[in-house]
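Trainee: The opening residue of the sequence shown carries number 1 in my numbering; numbering runs sequentially from there.
Derived by calculation from the structure, the hints in this document are not laboratory data. Some hints could be false.
[Said to hold, decoys possible] Label-pair restraints from in silico Cβ distances:
(1) 62 - 23: 45 to 51 Å
(2) 83 - 17: 51 to 57 Å
(3) 13 - 77: 31 to 37 Å
(4) 13 - 82: 45 to 51 Å
(5) 76 - 11: 37 to 43 Å
Even glycine gets a Cβ: it sits at the ideal position worked out from N, Cα and C.
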Amino acid sequence: MAGVENASDKWARITREMERDLLGGGKAASRTGPNWKFFTPLLWAPVFPVIRLSLRNRPTARVRAFVAAIALANMHGIWLVNDPEGELFKGLSS
């Protein structure tokens with residue numbers, strides 16, 4: 001029975017550590033509100049149907065536009081994942 005108590009203590013400790021990490025080491029999070037960078041797929045979603053409809057009669061241009069939009073969306077996603085407010089991008093904003 002002692003093993004069961006140790007397991008529950010272990011999970012309680014893990015839960016406390018996870019909560020502390022999420023809160024930034026015991027301090028309250030400095031930002032409140034939504035993290036807007038995760039809403040960008042909602043902005044990219046209408047681009048692809050617009051490309052399809054607007055370039056319906058030009059298949060070569062449509063393919064190029066799709067490739068360009070996918071490449072741009074992926075580069076934008078990589079930029080967002082790599083913390084645009086971090087050290088790497090501080091020189092770009094000033």
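Trainee: All hints, please: hold or fail.
Mentor: Against the structure, the hints come out as follows:
1. 62 - 23: 45 to 51 Å: holds (48 Å)
2. 83 - 17: 51 to 57 Å: For residue 17 against residue 83, whose Cβ atoms are near 23 Å apart, the range 51 to 57 Å is violated.
3. 13 - 77: 31 to 37 Å: holds (35 Å)
4. 13 - 82: 45 to 51 Å: Roughly 32 Å apart at Cβ, these two residues miss the hinted range, so it is violated.
5. 76 - 11: 37 to 43 Å: Holds: the Cβ-Cβ distance is about 39 Å, inside 37 to 43 Å.
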